[in-house]
Amino acid sequence: MSLFEKFRPIQQAREELLTNGINPFHLTIEKILSPTEAIINGRSTILVGTNNYLGLTFYPDCIEAGQKALAQEGTGTTGSRMANGSFLSHFKLEQAIADFYELPHAIVFSTGYQANLGILSALAGPGDVILLDGDSHASIYDGCRLGGAEIIRFKHNDVADLEKRLRRLGEKSQKTLIVVEGIYSMLGDRAPLAEIVAIKKQFGATLVVDEAHSLGVLGHNSRGLVEEVGVEQEVDCIVGTFSKSLGSTGGFAVSHHPEFELIRYTSRPYIFTASSCPSVVATTKAALHIIQTHPQLRKQLWDNANQLYEGLQKAGYLLGAEVGPIIAAMIPTKEMALSMWQGLLEQGVYVNLMIPPATPNGECLLRCSVSAAHTAEQLTHICKTFSNLKEQYLPSTSVA
Amino acid sequence: MTTYADILPQLLETLKPFAKKIGGLKETTDLVSELGLDSLQVMQVLLKIEDQFDISIPLNNLPNIRTVKDLGQEIENLLKG
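Residue numbers (the working numbering), protein chains in the order written: chain Z, 1 to 400; chain E, 1 to 81.
So that you can see chain E by itself, here it is in the shape it has in the complex (with noise of 0.2 Å):
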């Protein structure tokens, strides 16, 4: 079973190039605020991670995510089922 452990080298390796202007990515980082992504870019980097992880993110969970630890914790969850 995948766990967060697992996932997590994974997402930071992935937003890696989203980070380039902050430095380094922690758990913590806020995808929005910190980031600086606008809604479409959002948007781009959840359908990479959702074809890299083969999972579906529905919306209405997007609310909840606000940090790297959030969507990977999300990630974690769907991978469960």
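If we strip away everything but chain Z, and leave its shape as in the complex, we get (with noise of 0.2 Å):
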């Protein structure tokens, strides 16, 4: 038998999506307009799902710093900042970052992935112990195995049965890390974080916390949940990604503990990988920035969720939380939610399509993600084009 024999069922879920005339999971984006707009299947499409939370992809002074970096540092840094070394841009990238958080030490990593693997995989090895949040992100998961801890998940933000496996570790519990996230990324709901700190302290343990889709969306500031709550100070390490508000690739990692620099010295994906090219550290160092030059983005930000989850509620859609940059409308059935999403890519309407085993509790979803850039216009035919779709397949029925 093949190796190749395992990738069977995947062929044939494939076919099945290509019998019908639908492939989600290989779309093309024929030409980018704009952070909201494209050309997909020759059509003008409105993108609403692309975590593009600020809608600094296009903005004037990130693609200056981009082409300025490209001109006077080239394509690529063709090497690891181990084993090659870092450019200053790197170094000064971090500082920016860590100046940002007001905290002493921040890491940059080639990817979001990489910035959780790399963490988590150094934090926690064998004979330690974590517990994360059941709805974590992929690369958290393979972050923790990466590392070689006992991997205990929890009911998500469920503080009573993250308390309850503490308390069940005994003596272990000191030495364990807990990973929660600040916004979850399929239904957009945020973590319990103050109850959740407290339950930290309480056994002593150590808490890392993902603002991958909270960065640039929450706090006074735009650090995400950890200072909208105001326990900076408490969370041990804050994880986040550049490819969301940031606009570009790459992620990092922020902390207040001295020991923390060491980390560049465990961390295999930090370790064995190329360097961020420094046309995208200028771009993301540019887009930090803009993040805390133009507050008004994240009101804008703001405003377009409020907009959008009101016209969907007001059509009759089941949403998966309160309202935020993600809006995840619930459908009832895989074949449903596949047949609206072509419905609203050929209405001119990008949003993402997440069916199990993606999904928590099974749940299929419509998930759009707002841009600070959408125009109330694309909003208001976002919510149109929604709305026809429910009459035309759940004519009189509520969503559920």
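Any given hint could turn out to be false.
In the DSSO-like style, the derived pairs of lysine-lysine whose C-alpha atoms are separated by at most 27 Å in a straight line are [what the hints assert, rightly or not]:
#	chain 1	residue 1	chain 2	residue 2
1	Z	LYS175	E	LYS80
2	Z	LYS155	E	LYS69
3	E	LYS48	Z	LYS164
4	E	LYS21	Z	LYS164
5	E	LYS48	Z	LYS175
Cβ pair distances, simulated, as ranges [unchecked claim]:
#	chain 1	residue 1	chain 2	residue 2	range
6	Z	ASP99	E	ASP30	49 to 59 Å
7	Z	LYS299	E	GLN44	40 to 50 Å
8	E	LYS20	Z	ASN388	37 to 47 Å
Since the hints were derived computationally from the structure, they do not count as laboratory data. Don't be surprised by glycine CBs; every beta carbon is placed ideally from N, CA and C.
Could you use the hints to bring the two separately framed chains together as a complex?
And the structure:
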């Protein structure tokens, strides 16, 4: 039997999709026009599934910074930071991130995925325990596995379950890493962070918060949920990505722990990978500056999130969580979700199709991610299209 | 000390509602292929069993748990500490 035999169920699932003329997991964006618009299948399409929360991908300052770095520092670094040296711009970006968080230590990784791999695998190894929220992103699960720690999952956002599992660990709770996210990517709900911090302190555990979807979105200075809840001194490490609000590629981690810098010497995803290319570092740093100097972008994002949430709710959709930049419409069946996803695309609206096993509780979701760059007209069109589809697929019923 | 012999009847009782289709449970019953549980149902069953025995089953150990007996032995090991 060939090693490739294991792909047969995937092949079957893919063929099923293609028979229906749909392959939502192999979409081609033929031409990107702006943070919120592209040509897909030859049609002008509003993008509402990009995680481009602040709409910075075409921001003039960011593009100028990237072009300048490209011309002055070249196309790539051609090596890892450990073996081939860091560019000065890598350290300057780390300093800018540390300053942004008002924390002493920051480490930059080549992707957000690698940031989780690098930090989690370095912090918790054999003999340690990781307690992670059940709805955590795949990069968190993979990072936990890479380190070799014992991995225990607690019920999503269930503080009582977390407490119970810490109690079961006895003395080992002090060698336990708790991992949660600021905003969860599927339904857009937030971690009950104040309560989690209290439990973490009670048991003497260590806490990592992944702010991938909350950086630029929450907090007075746009730092994320940790800032919004006011627990910056209690959280041991914040992990984040450049590929959402900052409109770039890469990841980072910040901490107040003096030993944090030593992670550079132990983290394989930091050591054994090519460092971020100079243009990416430059656009990220420019975007970070924009976040700090343009708080109106965050306000616009929330205004837009409110408009879309209200519009979809009014159209009769059951939505996944409180108002926020991730708005997930829950659809009763996979077949219906697929058809509706295609219907949206045919009417010029691109959202994310999320189906099991990638979703919590086996939900089928049409997930929208709102951007500050969406215009009121675009949001109105999105709501109208969703509303038309509801009439078409679920007349006179509430989607539930 | 709780032994496998003590655990097995409790475990069979907990799993009984999930075994209606196959008529009966044995130590050798495969939890996934015979009970036909999907990954979500497996996690729900495990949560129930974890609370029942006041244990946490590490995700690292799950690939080794195929049968009712495997699960019983895992519970015994975790209760031993």
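Going down the list of hints, with the structure as the test:
no.	hint	result
1	Z/LYS175 <-> E/LYS80	holds, 20 Å
2	Z/LYS155 <-> E/LYS69	holds, 25 Å
3	E/LYS48 <-> Z/LYS164	holds, 14 Å
4	E/LYS21 <-> Z/LYS164	violated, 33 Å
5	E/LYS48 <-> Z/LYS175	holds, 26 Å
6	Z/ASP99 <-> E/ASP30: 49 to 59 Å	holds, 56 Å
7	Z/LYS299 <-> E/GLN44: 40 to 50 Å	holds, 41 Å
8	E/LYS20 <-> Z/ASN388: 37 to 47 Å	holds, 43 Å
Comparing the model with each numbered hint stated earlier shows that hint 4 is the single one that does not hold.
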